[in-house]
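2 protein chains.
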Amino acid sequence: MEIERRWAPLARVGVYAPGGSAAYPSSLLMGVVPARVAGVGTVVVASPADAEGGLNQTLLGAAALVAVDVFIVAGGAQAIGAMAYGLPVLGVAPVDRLVGPGNPWVTAAKLEVFGECGIDLPAGPSEVMVVADGTADPVHVAADLLSQAEHGPDSPALLVTWDAVFAAAVEVELGRQLAAAARRDILERSLAKGALIVLVPGRDAAVGFVNAYAPEHLSVVVDDVEEAVARLSNAGSLFVGPYAPESAGDYASGANHVLPTGGLARSCGALSTEDYGKFIQVQRISREGLAAIRDSVESIAQAEGLIAHKRAVEVRFEARP
Amino acid sequence: MEIERRWAPLARVGVYAPGGSAAYPSSLLMGVVPARVAGVGTVVVASPADAEGGLNQTLLGAAALVAVDVFIVAGGAQAIGAMAYGLPVLGVAPVDRLVGPGNPWVTAAKLEVFGECGIDLPAGPSEVMVVADGTADPVHVAADLLSQAEHGPDSPALLVTWDAVFAAAVEVELGRQLAAAARRDILERSLAKGALIVLVPGRDAAVGFVNAYAPEHLSVVVDDVEEAVARLSNAGSLFVGPYAPESAGDYASGANHVLPTGGLARSCGALSTEDYGKFIQVQRISREGLAAIRDSVESIAQAEGLIAHKRAVEVRFEARP
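So the sequence lines, in the order shown, correspond to chains X and W. Note that the first sequence covers residues 1342 to 1662 in our numbering. Note that the second sequence covers residues 1342 to 1662 in our numbering.
Certain hints may be false.
Partial chain X-side listing against chain W, Cβ under 8 angstroms, derived [said to hold, decoys possible]:
id, residue
1, F1455
2, A1642
3, G1646
Label pairs and their calculated CB-CB ranges [to be verified]:
id, chain 1, residue 1, chain 2, residue 2, range
4, W, E1529, X, Y1426, 28 to 36 angstroms
5, W, Q1419, X, E1393, 49 to 57 angstroms
6, X, A1546, W, A1553, 49 to 57 angstroms
7, X, G1432, W, T1476, 34 to 42 angstroms
8, W, G1380, X, E1343, 24 to 32 angstroms
9, X, G1432, W, S1627, 44 to 52 angstroms
10, W, G1394, X, R1377, 54 to 62 angstroms
Simulated coverage check for chain W against chain X, where a stretch passes if three residues somewhere in it have a Cβ under 8 angstroms from a Cβ of chain X [stated by the list, open to error]:
id, segment
11, 1604-1613
12, 1624-1636
13, 1643-1655
Because the hints were derived from the structure by calculation, they are not lab data. Cβ coordinates follow ideal geometry from the N, Cα and C atoms, glycine included.
For reference, chain X alone in the conformation it holds in the complex (with noise of 0.2 angstroms):
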């Protein structure tokens, strides 16, 4: 007897590209890149058009770069539900697995549609929570809870820490970096909504905090930094140290973007090669292999009274005319 595990890529991906106020050219290769490492045979990407119905030059440049096979130009339900049943008409199959974040109306289309193919996750608003004491640079820590901001009031940016004098040093810079910058009215929007710097009473309990929120991204700047990332079991993508600022992460450093959110760190982490196959179960049983495990298979099938299941091994063993 023998079990063997037997990896196989997906034959179809589809791939989210968010778009239509902004393109963001660097979440299509997150979400193809993996693909073509992985071997996916065919991968369609859709994203909406712009305002003018043009479609980002260097959203398109980055599709070339990653070979992608079908470009559908659509957002919202409809370019899920394109991906995920297909486009009979125009010669383009259905998926086996859809990828890749989006807005509300994407992620409720992509659970209408969990069982026609696979998903990754339910994308939430993104997050960002740092952890920080007074070894950390209140300079670093308030532009990265301002770049989390960028995205809207509907992301968290929370400031971690049990040192009240660092915790106001931030706001101070924090108002400081906000009167010189780009996108003031959105930034000031979302720094509006909710709680942003939790004073905590110390490490263990920050420790805690973090574990208990789980958050999408996680930036650690404090003192022993490795002892306390041992600790941290709960974060999508951690980012250790004063030169670790998550935009390295959203863009270079290698890890991927596509995170969990909304407490689902608790159970999944990045987006990945993967999620791009699957494992068969590949079981081969001779003769002697099968009388060898008969009594277990006939005793359990007996106890959950499934006498056809019985019979599937009996009758295998019996003499015949």
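Starting from the known structure of chain X, fit chain W onto it as the hints suggest.
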């Protein structure tokens, strides 16, 4: 610059074990054993009581064997809710991921809580497909088809063959075994629903049919069997040769019997230890490392209009008084 993918077992997992009219200790084991192998902290199991309010002793024995931490005596959507949101009054915390098959109400509830916690796959009715030619034994094949039919009229049991004589022999044998079967009423209702034997033009067409259908269970009993198996890319669990009945995999071959249904075998495999942990991305970036990727990060951030993302890198290199 260094990127680590750190494996972390989940802290809390919920396993649904279907029941009510019958008990399935094997499903409990299939859900809990990989959790124990992966090193999950707390395992919560939910399963409904029988009509008299009691619990099957074999099920409880299985739960004890794998040291289940919390046993919730409830079935259906309320059981899923209890595990996803926790039972604070009883000190039961929400689980990080829910696994295990269930009826349509259980599946609907799992999709509803997806996002609050992770889930495995939406489960549909169980399926078996047998690909066989004249080298197979009609007695074995008929018994395998009947063992699937035992799951009820929604569970497809299909024979795919290009040998009309063999197909006829299986049909005769099905009638014979049915007449002697223990649960004849259920089996007859199941077999009455939908096509049972699919005659295809030849071996290649059979392979194409299997890969398009992507069955949960696939038995292959043909001449030159390994050549055929190598070309089958979509199936949850593959049973190779005359002595590998599906019931062996259900109970004792060492494979997991929680499998993708309804075509999801195109994108997913069996439940396994990988479902009980996640990879955390850990990025350690030095000043030199960030300097090396700085241009890439700033260019893409600029192209995507995310200026605060660009600033988060720039501030780290600006001279300050």
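So, going through the hints one by one against the coordinates:
The beta carbon of X:F1455 comes within 6 angstroms of a beta carbon in chain W, closer than 8 angstroms, and the hint placing it at the interface holds. With a least beta-carbon distance of about 6 angstroms to chain W, the hint placing X:A1642 at the interface is held under the 8 angstroms criterion. Using the Cβ-Cβ criterion of 8 angstroms, the hint placing X:G1646 at the interface with chain W is satisfied: the shortest such distance is roughly 5 angstroms. For W:E1529 paired with X:Y1426, a C-beta distance near 35 angstroms keeps the hint of 28 to 36 angstroms intact.
At about 51 angstroms, the beta-carbon gap between W:Q1419 and X:E1393 stays in the expected band of 49 to 57 angstroms. Checked against the given bound of 49 to 57 angstroms, the beta carbons of X:A1546 and W:A1553, roughly 55 angstroms apart, stay inside it. Take X:G1432 and W:T1476: their Cβ atoms lie about 38 angstroms apart, and the range 34 to 42 angstroms holds. In this structure the supplied range 24 to 32 angstroms holds for W:G1380 paired with X:E1343, their Cβ-Cβ distance being about 26 angstroms.
Take X:G1432 and W:S1627: their Cβ atoms lie about 50 angstroms apart, and the range 44 to 52 angstroms holds. Between W:G1394 and X:R1377 the CB atoms are about 56 angstroms apart, so this pair conforms to the stated range of 54 to 62 angstroms. With 9 residues carrying a beta carbon less than 8 angstroms from a beta carbon of chain X, the segment 1604-1613 of chain W meets the three-residue requirement, and the given coverage holds. Counting residues of the segment 1624-1636 of chain W whose C-beta lies closer than 8 angstroms to any C-beta of chain X gives 8; at least three are required, and the coverage claim holds.
Using a Cβ-Cβ cut-off of 8 angstroms, 11 residues of the segment 1643-1655 of chain W lie near chain X, which meets the minimum of three, so the contact claim holds.
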